[in-house]
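Could you put the whole structure together from the sequences, leaning on the hints where they help?
Mapping the sequence shown onto this note's numbering, position 345 (from 1) lands on 345, and the numbers just tick up by one.
Errors might be hidden in some of the hints.
Lysine to aspartate or glutamate pairs mimicking DMTMM-like chemistry, simulated, CA-CA at most 20 Å apart [stated by the list, open to error]: (1) Lys421 to Asp45; (2) Lys330 to Asp284; (3) Lys75 to Asp61.
FYI, nobody ran anything at the bench for these hints, they're computed from the structure.
It should be emphasised that the depicted structure is a prediction, and the values quoted were computed from it without experimental measurement.
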Amino acid sequence: MHVRSRVSWTVLPAALTLVLGASTVGATAPAGAQAEGKDEGVAYDLVIRRGHVIDPKNDIDGVRDVAVKDGKIAKVAPSIDASGAKKTVDARGNYVTPGLIDMHAHMFPGPKQDYANGWNGVAPDGFTLRAGVTTAVDTGSAGASNFDQFKTEVIDKSKTRVLSFLNIVGKGMAGHPYEQDLADMKPGPAAEVAKANPGTIVGIKTAHYNGPEWDPVENSLAAGEEAGIPVMVDFGANTPERPLSQLLNEKLRPGDVYSHMFSGLRGELGKDGKLNPAMQQGRDRGVVFEVGHGGGSFSWDVAVPGMKEGFTPDVISTDLHISSMNSGMKDMSNVMSKFLTLGMPLKDVVEASTWTPAQTIQRPDLGNLSVGAPADISVFALERGTFGYTDSFGWRIDGNQKLVAETTFRAGQAVWDLNGKAANEWYPGANPPKASAAEDHEHQ
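Right, dumping it as structure tokens:
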């Protein structure tokens, strides 16, 4: 079990005071670049130049160049000769991070109700890449009975890397009464499907159960133990038979995930306005605490005092679905900006959105810019101004910083480019129309 490094966040790092200016793109590196570095003439596919790189795994927090070859990180250095590169992107004044990992989303859309092949889910590529997210973990939309459909229709067709916490309920998040059916929460089928899809199914999820029994949690733990993967718990209804203290101190294992940590719906905050002591006790045992903002699971009433107590999230995540994205949550970069507003340093915000989730889901190949890692890269502007951030219950806090995803690269290819940073600059005659004997404009 990893231990997340913690530092004082009462003073924002000097990196946040950078003046962010407009970035430009050139087809080749500046003339002086040809004399830089020891890799002159290397035919990199892409070099991202002069961005402020934050890569917590490799303890990088400063201006660097990043080179990409064959969809992998080829080099990260203070200066890289880009004279032979096919494309360069000037990220001067921007932050460059590993592609974000959103560890809580619902991405199994379809004609049915709720989240399993239902209208509450969203198609990944429409709502991930534009926020800097290159890997998104669907948390329990699919169960053992419908995972193959989810894989065929979503995972295999998405540019976003889609992974899964498999629901302990065989039918997945199909709504009431299916998610209350204890007979459909068998650990055997869940473990079997998980073991058949290693690296894609990265955990087991239990969610939304309203009864007094511990069966959903215990069956999830049994499946997770057999498959060698963590369990994520959305604790459902707050019942006296299942106190939060017992879940965090007796049931969950080190590396298991408690979701919706700042919801306030399950006793996370005491009547004295302080966090339930069980939260820190669970953290001391190695339980991972995850934001899972969602449409009803993030309250300033809990987050503000929790952060003042130093109880920062291990993992920042969205709980992306049609309701949350159109209300207070919005997207991953917006949730990250909320934690900047609460005083969390940018480096820690990036770590909680990249390297820590990568470790939690046992995918250390992700969430970092190590040489040989997938070239999943996000470029952000940190805008200054006055920005309103709302929780899940309609209450606003104003902040003066906002992360905006400028460009997102997946396997070295630009898949989101807000201001055309990765595009070639147009000039007259750059793109002449191609003659055609039988031009067809019907579908243009």
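**Message:** Hint by hint, where does the structure go against what was stated? Just the numbers, ascending.
**Reply:** Hint 2 contradicted; others consistent.
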